[in-house]
Amino acid sequence: MRGSREVYAMAPQPSNTKPIQVLLIGFQAVIQEGLGAILSHDPDMECLRATVTDAAQAVLELKRLAGRGSPVDVVLIPTRIGALDGVQTTRLVKESFPDIAVLVFTEQDNDSRVIDAIHAGGAAVFEGSALGTDTHRTA
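Count along the sequence shown from 1, add 1, and you get the number used in the numbering used here.
None of these hints come from the bench; they were simulated from the model.
The reader is advised that the hints may include incorrect statements.
[To be verified] Calculated lysine-lysine pairs in the DSS-like style (CA-CA distance at most 30 Å, straight line):
{"hint": "1", "residue 1": "K19", "residue 2": "K64"}
{"hint": "2", "residue 1": "K95", "residue 2": "K64"}
{"hint": "3", "residue 1": "K19", "residue 2": "K95"}
Generate coordinates for the entire structure from the input sequences, incorporating the hints supplied.
So, in structure tokens, the structure goes:
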């Protein structure tokens with residue numbers, strides 16, 4: 002028929018894929034809560050949180066999660082907070098879990114550790130003011 006058109010709406014398809022497991026390591030509690038809230042709005046992501054003080058504890062937490070059937074796909078970590086060294090942690094995570102993507106955050110746009118984080122295996126580095134939408138899209 003000339004001038005008429007039919008519109009078909011696609012019914013939502015059930016997802017057979019598991020959600021992306023995102024682990025927040027080393028952030029202050031308020032930042033972990035904020036990032037967790039942002040990421041948890043996406044049904045394709047599950048946000049996990051860990052309180053660790055060094056790189057070895059981060060790897061132990063990743064092993065613990067993998068052992069209970071929740072292997073992590075993405076780790077979000079700051080370059081430094083307290084005694085936690087994000088570059089060292091990135092390096093150790095990538096050595097132990099090469100398939101995990103590590104996203105590194107820095108508080109300063111001129112942080113010299115950014116290059117070190119990339120060389121350690123970081124998939125992306127974000128400046129602290131980008132902790133919102135860009136993080137969600139990248140993860």
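| field | Earlier hints that do not hold, by number | value | Structure breaks no hint.
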